[in-house]
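Assemble the complex: chain F is given as a structure, and chains E, W and B must be docked to it using the hints.
Protein chains in written order, with my numbering: chain F, 1 to 387; chain E, 1001 to 1206; chain W, 2001 to 2324; chain B, 3001 to 3160.
Hints listed in this document are in silico derivations from the structure and should not be mistaken for laboratory results. Since the model is a prediction, treat every value here as computed from it, not as a measurement. Heads up, a few of these hints could be off.
Which stretches of chain F does chain W cover? Using the computed rule of at least three CB atoms under 8 Å from a CB of chain W, they are [claimed, not checked]:
id, segment
1, 146-157
2, 202-214
3, 364-374
Virtual Cβ for every residue (Gly too), placed ideally from N, Cα, C.
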Amino acid sequence: MLDTAKTSKVEFDYSGGERLTMNMGPQHPSAHGVFRAILTLEGETIVGVDAVIGYLHRCHEKLSETLTYAQYPSIASKTDYVAAMTSELAYVMAAEQIGKIEVPKRAQYLRVIMAELQRVASHLLWLGTWCMDMGGALGGGATVFLYCIRERELILDLFESLVGARLLYGFYQVGGTRYDIPDGWAQKCRETINLIDARIGEYESLLEDNPFFLARAQGVGVISRELAEDVGIAGPLLRGSGVNFDLRRAAPYSSYEDFTFNVPVETGGDCFARYRVRMVEFRESIAIVRQALDRLPDGAISSRPGLKSVAQIRIPKGEAYARVEGPRGEVGCYLIADGSAKPYRMKWRGASFSNLAVLPHIIPGHKIADVVAIMGSVDPVFGEVDR
Amino acid sequence: MSNPVLPSSPTAKRPHGPEGPAPLRSSPTRVVGPLSVIRAVTKALWVTFLNLFRKPVTVHYPDEERKYPDRYRGLLALVYEKDTGEEACIGCRLCEYVCPPAVIKVEMLKTEKRNYAKSFSLELYACEFCELCVQVCPTDAIVMMKSFDLATADRREMLLDKDRLHAIGLQHQQSWATGNLLRAMQGPPKMARAEEVHAKPAGSEA
Amino acid sequence: MPAWLSPLVAPFIVLNVVIGLVTYVTLLERKFAARMQSRIGPYRVGPHGLLQPIADALKLMMKEDIVPRTADRRVYNLAPIVFLVPCMLIFATIPFAPGLGVADLNIGILFFLAVSSMEIVGLFMAGWGSNNKYALLSAMRAVNQIISYDLPFIFAALVPVLLAGSLKLSEIAAAQQGLWFIFYPVIGQLAFIAFVVSTLAAENRVPFDILEAESELVAGFRVEYSGMKFALIQLGEYAHVIGSSFLGAVLFLGAWAGPGPEWLGPLWMLLKAMFLFLLITWVRWSFVRIRVDQILTLSWKVLLPFTLLLLVSTAFVVVWRAGV
Amino acid sequence: MTREQAKALIGERFSSAQVDGDAPTSAEATAGRPIVVTLAVDQWTAFALFAKTTLGCRFFSFSSAVDWKEQGLEVVARIDNLDDGVGVMMKARLGPGVSACPSLVPVFRGAEWMERECYDMFGIQFEGHPDLRRMLLSDDWQGHPLLKSYAVDTPHPPYR
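Same shape as in the complex, but just chain F (with noise of 0.2 Å):
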């Protein structure tokens, strides 16, 4: 009944001409960073895929047994550098259950208000991308690439503004946040989501019942509910399958609770589904801001004093696996710490990894424009691919 002959390299049994291995290699332009895809041709249409990874493998586990928990959250947003602030979070998290350190409602707060925040930045690059890969850098992809960079950047402004840094923040730290919002911070916020969500709309009106659009994503890159619980992807890939999930409803952390949004799903499946179910994830991220910076809370950022020294935050012995709901799905952190100040075994759970496992699974059949929508809408970031 198990049949256990299941290879990578998925290959039908085409009866058409002699083949063209052609790889859309590690520089390729649409390939989201270094992912190399073999894909073997019939004509047009792909009937093998192999994909080989590791090209930005740094080994954060092995970094992570070398780095004290003071040290490790600014470079765990190297993970998935294009949503930092989520990837910090589940580190910090794992820490923060094995040593049963209590976070402060405020910090709880400011930590919902810049994950949301980036997942509204991170979703920008999605769609930017995204339409560059299908429409061409000389062409429509071109314009709805440049609108998301020049809404991305006021997102980028914020966090300057708030850090000090645009991409890579070390925001977080074992116990609450390293820094407090600016005064005239909240308004500017308020101003910037404003503006977006009017944004999101022309977006829509530029994609939505368009032609052209709609011909090359719906129906393309079809994930079944089955495979997609089997595989493992998350976030607005599973969303997309008709898996009614979200980590902030199931497992609500940080005060996720305390707010009122919806979860989208769509049932297609397609690149349109997980489309759909994005542009919604902008406008419901845009609303818990809202009503975040709304109901923020005065008082400490951190229960534990400024960090003053490298091995200042001991952990007790034990464990804890934290899951975080990060713009690519589940990112969790599998943490074993030994009482010293650094972390015996850090596993990383990237959302991208599972994401891109899909690929090879789904893609044979299609044609090679096709690829470039299925990997755009799967959205994968290499860093956290090859961790």
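Just chains E, W and B, lined up with the frame of chain F:
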């Protein structure tokens, strides 16, 4: 070789019927009729046309400088003490231990009044601008500047030594963050700490 | 002026005017596209980037001309020339003003259409000659796309011929003095839309630019070319787009008809062609590219029957109007 | 399928497995916590199939390994029942010096890349894995970096 269908779970009762939880809202596949093509095409063209009259957002970098926020994390620099005018750094090597990529190397020079840094080297090409060194510095000696333009043709010039760091300190404008300010922001707010002191009996030192 | 020289002067002038026009049209397109994307386009070279095209041309001339070792040398070197010649020839029959034009053949439009579909040969030679998988795939796509869109292009161009009753471009322009063919009740607008869509596809502009689809085939058939050869292909492509927009101006927008004195004709002609070119650019910067098989189905199943039907109905309308 | 029902089912079907090693804490605290099941190695695939079919844990979160120096390697896997929010953390000690383990690929297709990475980092041979080769490192890499025996402070090349 089709994908083997694994037996679905007979006993585990599915709370939401065979296909899983009813989705909140699922958009039907959109049929592209001729009328909707015309409407969609004109809507898309209208958006780009509208944008024709918006002001471009480009900043002409070398000519006009973008305004950096107060907490900008730019180049690292060493500063002199305000009152005595001496070097602020006492060579305590706290920044050397806390730096994740270990780019800072300091040697202490002991003298009777206070200590100094005999040598202080910082490999700027490997620095990650995470501002941990600024945070742990007890005497606010190392700070970050509000500028980043130190492009050099040779990597060896990026290995900054003590007087290069001091020169940068005088050249650019210093950003807001210094060790004491950052630690004060993270610690529990003033009034909470004040009660903490009262609560403890005066004799026992924390 | 000696007899043998005069037939050379007009083509020489038109050729230089076209090359000059092509270089500055690229700047116009880049500035126009930049404004649409809220950025500013070329700005550094010369005042407001006006010298940018000359800088590009000089750069391409100085660039090293790399020929891949395994390339089929003769086909590889000949391809840009075979691609460029038809793109320049199409300007022969276009009347810029009542008497101003290289050769006003009485089968003007037939010559234009025949020559403009010759460029596919050069394109396929470029794709095949450079012995590169991406180029080969893009050459295959080029062949079936351009050929399948030549038919609707011809039928759409024939509608004004029927309305004007002659193949001579200057006579078509003269017939439009009263009423521009685009304002012809129903048939004019439909023919104009069909003409624009098929020009988009014939010169593989977005949303049909699967030839040099950057995200899949890097740079399509031009991937192995560099230096002057790349410039020739680029020149050919833009000349073809401008040639089609000039043709569109003549067929639908009443070539030199316009208010103001008689000698303003060529200026009106240029303005209309530039309007059509900006329309193509505007469409180019607002749409996403569609897949190969969808392009073909659009051409064979939608555009071809539609333009054929349009042509037949124009014939009936013309006969009915003539009869009454 | 609540957490207690799942624990009961596991207890009665896999009596040798040790369920939830940690002390009984309040129900609320363990609400989000997974059920930690420590198994013998040979029950690894059987338990996975049981969890997928009976407990409804169809979502395969991740699988990895931990190197406990002398006590040898330990294989870890995490599967979830998304509809009821029940998570199961499966653990199996391979024993000192052993680096072979049955593969989960027949049950979960997602395990394919995870186990290739485990082989790449720890050198664990997964029997029944379709094509076990290095996942992240280049094919000619010597050694398995995440083992505690893999030296950390080897002088890295003078890139700085």
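Structure-based check of all given hints:
no. : hint    : in the structure
1   : 146-157 : holds (count 3)
2   : 202-214 : holds (count 5)
3   : 364-374 : holds (count 6)
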